[in-house]
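Below, each chain spelled out in residue letters.
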Amino acid sequence: MITVTNLVRKFGDVAAVDDVSFDVAAGEIFAFLGPNGAGKTTTIKILTTLLKPTSGAIEIDGLDPATQANETRKRFGIVFQDPSLDQELTAFENMDLHGVLYHVPRKLRHERTEMLLKLFELWDRKDDYVKKFSGGMKRRLEIARGFLHTPKILFLDEPTLGLDPQSRNQLWTHVKNLNASEGVTVFLTTHYMDEAERVADRIAVIDHGKIIAQGSPDELKRQTETDSLEAAFLILTGSSIREEKADSADQIRQMAKMWRR
Amino acid sequence: MNAIYILWLRELKRYTRSRAMVVASLGQPLLYLLVLGFGLGPVFQKAGNGSYLQFVAPGVIGMSVLFTSVFSGIGLLWDRQFGFLKETLVAPVPRITVMIGKTLGGATVATIQGLLVLIICLIAGFRPANWLMLPVAVFFMILTAIVFAGLGMAIGSQLQDMQGFQLIMNFVVMPIYFLSGALFPLNDLPGVLSFLTRIDPLSYGIDALRNVLLGASHFSPLLSLGVLCISACLFVGLGSYSFSKIEA
Ligand SMILES: Nc1ncnc2c1ncn2[C@@H]1O[C@H](COP(=O)(O)OP(=O)(O)OP(=O)(O)O)[C@@H](O)[C@H]1O
Ligand SMILES: [Mg+2]
Chain S
1 MITVTNLVRK FGDVAAVDDV SFDVAAGEIF AFLGPNGAGK TTTIKILTTL
51 LKPTSGAIEI DGLDPATQAN ETRKRFGIVF QDPSLDQELT AFENMDLHGV
101 LYHVPRKLRH ERTEMLLKLF ELWDRKDDYV KKFSGGMKRR LEIARGFLHT
151 PKILFLDEPT LGLDPQSRNQ LWTHVKNLNA SEGVTVFLTT HYMDEAERVA
201 DRIAVIDHGK IIAQGSPDEL KRQTETDSLE AAFLILTGSS IREEKADSAD
251 QIRQMAKMWR R
Chain H
1001 MNAIYILWLR ELKRYTRSRA MVVASLGQPL LYLLVLGFGL GPVFQKAGNG
1051 SYLQFVAPGV IGMSVLFTSV FSGIGLLWDR QFGFLKETLV APVPRITVMI
1101 GKTLGGATVA TIQGLLVLII CLIAGFRPAN WLMLPVAVFF MILTAIVFAG
1151 LGMAIGSQLQ DMQGFQLIMN FVVMPIYFLS GALFPLNDLP GVLSFLTRID
1201 PLSYGIDALR NVLLGASHFS PLLSLGVLCI SACLFVGLGS YSFSKIEA
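Chains as they are written, first to last, in the numbering used here: chain S, 1 to 261; chain H, 1001 to 1248.
It is worth saying that the hints were derived from the structure and are not from the lab. Please note: incorrect hints may appear among the correct ones.
[To be verified] Just some of the chain S residues that point at chain H, by a computed CB distance under 10 angstroms: (1) Leu-50; (2) Gly-56; (3) Glu-59; (4) Asn-70; (5) Lys-74; (6) Ile-78; (7) Leu-85; (8) Phe-92; (9) Val-100; (10) Glu-111; (11) Arg-112.
[Stated by the list, open to error] One-sided and incomplete, this derived list gives chain H residues near chain S with beta-carbon spacing under 8 angstroms: (12) Ala-1003; (13) Ile-1006; (14) Leu-1012; (15) Arg-1014; (16) Thr-1016; (17) Arg-1019; (18) Leu-1036; (19) Lys-1046; (20) Gly-1075; (21) Arg-1080; (22) Phe-1082; (23) Phe-1084; (24) Lys-1086; (25) Glu-1087; (26) Asp-1188; (27) Ala-1248.
Ideal Cβ positions, reconstructed from N, Cα and C, are used throughout, including at glycine.
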């Protein structure tokens, strides 16, 4: 369903994604794991037509996102890592706008919106502006929105970020159900190894833009001779904290320091 | 079609919900109208040009249409910063649809804003030569709004942060306004200035408004119509192109 071959994406001189290749079969739940700054989000952005690759080949359901962007977009749904709601609209309006953009017929749109907002316990607040929501409520709304239409492929970039255990449980149960009943292919990232272990059929571990291990959770544990995915992950990626690349504000601050000297 | 409608509606909702913004954005035209209209009135009259309030009212209407429509396009910058832009960029609708929905929304809001200013002008004592021509005036407001909403989208697609915004304000929007003849007659200008006013699309928008509302104009109405239509195509095309190239 997803085939990536020798994918490279550079930002300036830095290769955020550095010669990555992997396959995701139809109906599979695939977890993309890696420390902060490993290149997970960048890969997802390339797969979802938001960024152009520097080099390499991608196929999504037989389509090339770089040249057949619009066709590709019809195939997937996505929950972004960063916020992507319209804060000036209500929860319901955000859902409705999404449904219209994704061609969900009106009646179905309203039924599913009600079902999902109830599932993620937002139905009481459906007419409130999103800017009045708590962080976790916004997150829940983004996830509910992601499930409004049923795509062939679902990208989930750290969907459980900031969620309480109840909502997390709802989310993964729902993902499992969708996968089982509709055969939706799922491509997810998370920093919670127990989640990955629970839902993923297969895992790829990425670090510094390169894939360093691939396999089922059991295979990864066997390969590293550990008994939990968390331990396996730490052995594969080392236990040092990743120094985040300085963002532009930091860079300016650094420049300012240099000038002062 | 539905996608265009829902994105158009979004712009409208955002506008009607920010009452404080609506009032604030009427402040500036009001200031121009009252201070310049009454302040420069006597001088203008002495120079034999008639009532300055009558003269400046279409200019002030044009100004609010310009500002509102350009800012609606630059609103892309906010969509980018709050992340909503991504949601529209991955949606399975052609980018041109998204662009057109937003542009029409921005143009509609700008036209409404222009109408509000027109009402204020009427209250302040502005009197059109022929009331029956008001619908034609609205038509020119819409056309002008589309021109600059397109320009705003072209700019908004390129802007990455707030610093760029000031730059655009000072080097694009203000010059377009001041060189448009909103505040002074276009007759007998020195060469360079005359040239600059002629390449400013807003000159034609405001001149057309004057023609319709006052029955007097600098350019021929057909020329104004032609220039506005061509600029609309040009800027909307440019806006679509830069919007289609956005990466997020
Ligand atoms: N727009 C950008 N401009 C420059 N560098 C970028 C940009 N986006 C990402 N990067 C860099 O690319 C690298 C990979 O970032 P990415 O967001 O893909 O990491 P990630 O694996 O999703 O990390 P996290 O777990 O923190 O979300 C980082 O070093 C980051 O600084
Ligand atoms: Mg990420």
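Checked hints:
1. Checking Leu-50/S against chain H: minimum C-beta separation of about 5 angstroms stays under 10 angstroms; hint holds.
2. Interface hint at Gly-56/S: violated, since its Cβ lies 16 angstroms from the closest Cβ of chain H, which is beyond the 10 angstroms cut-off.
3. Hint on Glu-59/S is violated. Least Cβ distance to chain H is approximately 18 angstroms, over the 10 angstroms limit.
4. About 6 angstroms separates the beta-carbon of Asn-70/S from the nearest beta-carbon of chain H, less than 10 angstroms, and the hint is met.
5. With 10 angstroms as the threshold, the beta carbon of Lys-74/S comes within range of chain H, its nearest partner Cβ sitting at about 4 angstroms, so the hint holds.
6. For Ile-78/S, the interface hint holds, the least distance from its beta-carbon to any beta-carbon of chain H being 6 angstroms, beneath 10 angstroms.
7. Against a cut-off of 10 angstroms between C-beta atoms, the interface hint on Leu-85/S holds, since the closest Cβ of chain H lies about 7 angstroms away.
8. Interface hint status for Phe-92/S: violated, as the beta-carbon distance to the closest one in chain H is roughly 12 angstroms, over 10 angstroms.
9. The beta carbon of Val-100/S comes within 4 angstroms of a beta carbon in chain H, closer than 10 angstroms, and the hint placing it at the interface holds.
10. Because the closest C-beta pair between Glu-111/S and chain H is about 18 angstroms apart, greater than 10 angstroms, the hint is violated.
11. Among the interface hints, the one on Arg-112/S is violated; its C-beta lies about 16 angstroms from the nearest C-beta in chain H, farther than the 10 angstroms criterion.
12. Restraint check, Ala-1003/H versus chain S: the minimum CB separation of about 6 angstroms is within 8 angstroms; hint holds.
13. The beta carbon of Ile-1006/H comes within 4 angstroms of a beta carbon in chain S, closer than 8 angstroms, and the hint placing it at the interface holds.
14. Below 8 angstroms, beta-carbon pairs count as interface contacts, and Leu-1012/H has none with chain S, the closest being about 12 angstroms; its hint is therefore violated.
15. Interface restraint check: Arg-1014/H against chain S, minimum CB-CB distance 5 angstroms, threshold 8 angstroms, status holds.
16. With 8 angstroms as the threshold, the beta carbon of Thr-1016/H stays out of range of chain S, its nearest partner Cβ sitting at about 11 angstroms, so the hint is violated.
17. For Arg-1019/H, the shortest C-beta to C-beta distance to chain S is roughly 13 angstroms, which exceeds 8 angstroms, and the interface hint is violated.
18. A cut of 8 angstroms between beta carbons decides the hint on Leu-1036/H: the least distance to chain S is about 34 angstroms, and the hint is violated.
19. Below 8 angstroms, beta-carbon pairs count as interface contacts, and Lys-1046/H has none with chain S, the closest being about 49 angstroms; its hint is therefore violated.
20. The criterion of a C-beta within 8 angstroms of any C-beta in chain S is not met by Gly-1075/H, whose closest approach is roughly 11 angstroms, and the hint is violated.
21. The beta carbon of Arg-1080/H comes no nearer than 11 angstroms to any beta carbon in chain S, farther than 8 angstroms, and the hint placing it at the interface is violated.
22. The beta carbon of Phe-1082/H comes within 6 angstroms of a beta carbon in chain S, closer than 8 angstroms, and the hint placing it at the interface holds.
23. Given hint, Phe-1084/H at the interface with chain S, holds; its Cβ is 5 angstroms from that chain's nearest Cβ, closer than 8 angstroms.
24. Taken as an interface hint, Lys-1086/H checks out: its beta carbon lies about 5 angstroms from the nearest beta carbon of chain S, inside 8 angstroms.
25. Because the closest C-beta pair between Glu-1087/H and chain S is about 5 angstroms apart, less than 8 angstroms, the hint holds.
26. Interface hint status for Asp-1188/H: violated, as the beta-carbon distance to the closest one in chain S is roughly 48 angstroms, over 8 angstroms.
27. The criterion of a C-beta within 8 angstroms of any C-beta in chain S is met by Ala-1248/H, whose closest approach is roughly 5 angstroms, and the hint holds.
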